[in-house]
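Make a model of the complete structure from these sequences and hints.
One line per chain: the protein sequences are C and D, in this order.
Counting in numbering that gives the first Met the number 0, the first sequence runs from 0 upward without gaps.
Counting in numbering that gives the first Met the number 0, the second sequence runs from 0 upward without gaps.
Since the hints were derived computationally from the structure, they do not count as laboratory data.
Think of the CB as a built atom: it goes at the ideal place given N, C-alpha and C, for glycine as much as any other residue.
A couple of the hints might just be wrong.
[Said to hold, decoys possible] Now the in silico label distances, taken between C-beta atoms and shown as ranges:
1) Gly38/D to Gly188/C: 21 to 31 Å
2) Trp271/C to Val33/D: 26 to 36 Å
3) Leu336/C to Ala16/D: 51 to 61 Å
4) Phe444/C to Asp124/D: 37 to 47 Å
5) Glu77/D to Leu80/C: 55 to 65 Å
6) Val380/C to Gly38/D: 26 to 36 Å
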Amino acid sequence: MKKVFDFLDDRTGYRKLLAHALDEPIKGGSRWLYVFGSVLLGMFVVQAVTGVALMTSYAPSETTAWASVHYIQFTQSGGWLVRGLHHFGAQAMVILLAAHMLQVAAFGAYRKPREVTWWLGLSLLGLVLGFALTGYLLPWDQKGYWATRVATNIAGTVPIVGAATQKLAQGGPEYGSLTLTRFYALHVGVLPALVVFLVTAHVALFRKHGVTPAAKADLSKVESFHPAQLAKDVFATVFVLGIVLVFAIREHGAPLDAPADPSSDYPARPEWYFLGLFQLLKYFHGPLEVVGTVGLPTVVGLYLFALPFLDRAPTTALRGRIKAVAPLGIIALGVTLLTVQAIRDDARDEAFKKQRDKATELATTANRLAMGGVPPAGPLVMMNQSWELKGPLLFDKHCAGCHTLRDHGVEKDRTAPKLDGWGTEAWALSMLKDPDADDRFGRTFYKGEMKPIEKDREVIAHFLASQEKGSPGEQMVKTRCTTCHTYGGEGDDSATGLAPELDGWGTQEWLKAQILNPATKKTYRENALDLDRKGHMPRFDDEMSPDDADRLARWILSLR
Amino acid sequence: MTSPLKSRRTLIMAAAAGTCAIAAAAGGPAAAFVLAPLGIEGLQGRWVMVLRLEQLKEGEPKRVAIVSERRDAWTLDENVELGSVWLVRRGETVLAFSAVCPHLGCSVNAVGREFACPCHTSAFDADGKKKSGPSPRDMDTLETKITGPLVLVNFRRFRIGVPEKVEA
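Here you go:
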């Protein structure tokens, strides 16, 4: 074995390189506070590995992005775990970055001669936030879509270059497939390349100048990186990875909201680490808006850039540098307060909570529907073809002006029967008992047309709801109701009567026919919509497809 | 006279620089490629049928989806929801407001007969006029017309986050 390594070392000189890495002298000795840089590197590797894995299943386009992420999350074996690690790993990196930066600031590690190391670090911070921003959009779900739209609109508020920047980011004047391909290219191509390049330079410069020991450290004590600091770094990385793993398992992956829908209403919120910025935007009104979107972030950026020059104190002790680093403390405090305020505002906002619940419910339904596969036209088409999602929308649009059903429609404006329980034995029974009751035909033009039935109500109602052929109820209907009603097309005044067909009453087919056109004899007689039949239910086949009528009928019957 | 060694080095350096320049020239087409979206035109205003007048109740805002044709890069969709607008009936006329908040583009909600944005707390009155919050302008009104029983809206998009209402 030794021979193999000797051969490798002879040809590559790897032992020298390894020794160079492991023997790095650490003035003042190893510390837990020095772990953040290494943990960040470790987490970046985790992101790269899980990221490449995700790339093998993800398909960036308007019609496939959400569906492919759904597949990763719910169908592909182990997909949820990889996605969960990537999702929570990203959040861990943001926290680690903040910790790394605060440690560097507290120890004065940005000071001469380490200015360039500091600037490279700031650039890396920007890149990580860039990763977060571009990655948030890729699932093309409601959450990512609406939050990212706000972000690109913010870019659009920058004076002079804003409009062009926004167009370039979006791949055009509006969100579309090019937005996804561009964000994807940034996320998996441009940003990783830049990170690798800058991290290499950042670490090389760090090795050139060495660690900045704490002001009170005993400088006569010098440890090498191996073993004490290396052990701390490895332990910390494993610890953070463990936390990320716990989150990924607890959430069983990462949340997936309903598919992005540009015509929907959605209470957009950014990921938690941008909530401070989000909250800030509430305070800058009208022409001052650009102060919140661009002005303050730019000032913060400039301050961070200039920090090595602002700090001219002769000591690295925090006490002597308090003036220079105080703004950083204020920024950290400000971000924290704004974030807390944003969370509190939402917790107190009942309207927001309601919208949030509605969005969660839609997400659950969409995720369930997609388990059966998403059509090539995309997840929005899938949702449009679903009776449980489309039904209530159709009802609100076409029926709720006259009818009510559950919480759809306004009771005081109702002019037609209440549809709760339509098609059930109870509904039929109440109709036989008192057709003119307020929640039946009492508010219609046809009040008084049907006489209450005294005898065998239960038997008839049972038949109407069950449509059980050959039952005693059917015989009664055939003999006693067909004076006004038809049954199987037969009835005494079958050409002119007001009352509907009872064969198939309460079924989806009957209801669908009734919605499309009540005057086909399948439900009511051909003259049902004649001008003298004032207030009769209108036909909807000119504005609703047969498929939609079917979805609507199915939804109404599902609520029985 | 320069030494032969020095002039050879200059020549090699020049050749290397030339090679780099040729390779970098690929950056030209690549840059043009990436900048191409700057030339993509925004959506033109278009009249879209949204609903029947009788479906609107006097003074009560109703959100309707704008269903129309869209060309998105390589995709042509003839029946797609482009966005939504708020409609308010005033007698025999209909007001239409873009549902996109002029602040940063979130989707504006109706609160009773008025409007509010769920993102950064911009609020607008029943006529879409700005009441409070960060929005730099009133809600964007859209033209409407009524043809027989049908309401049509001239659907457009406007620039976000600026005080003036200009088309995007």
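Here is what the structure says about each hint:
{"no.": "1", "hint": "Gly38/D to Gly188/C: 21 to 31 Å", "verdict": "23 Å, holds"}
{"no.": "2", "hint": "Trp271/C to Val33/D: 26 to 36 Å", "verdict": "32 Å, holds"}
{"no.": "3", "hint": "Leu336/C to Ala16/D: 51 to 61 Å", "verdict": "54 Å, holds"}
{"no.": "4", "hint": "Phe444/C to Asp124/D: 37 to 47 Å", "verdict": "39 Å, holds"}
{"no.": "5", "hint": "Glu77/D to Leu80/C: 55 to 65 Å", "verdict": "41 Å, violated"}
{"no.": "6", "hint": "Val380/C to Gly38/D: 26 to 36 Å", "verdict": "30 Å, holds"}
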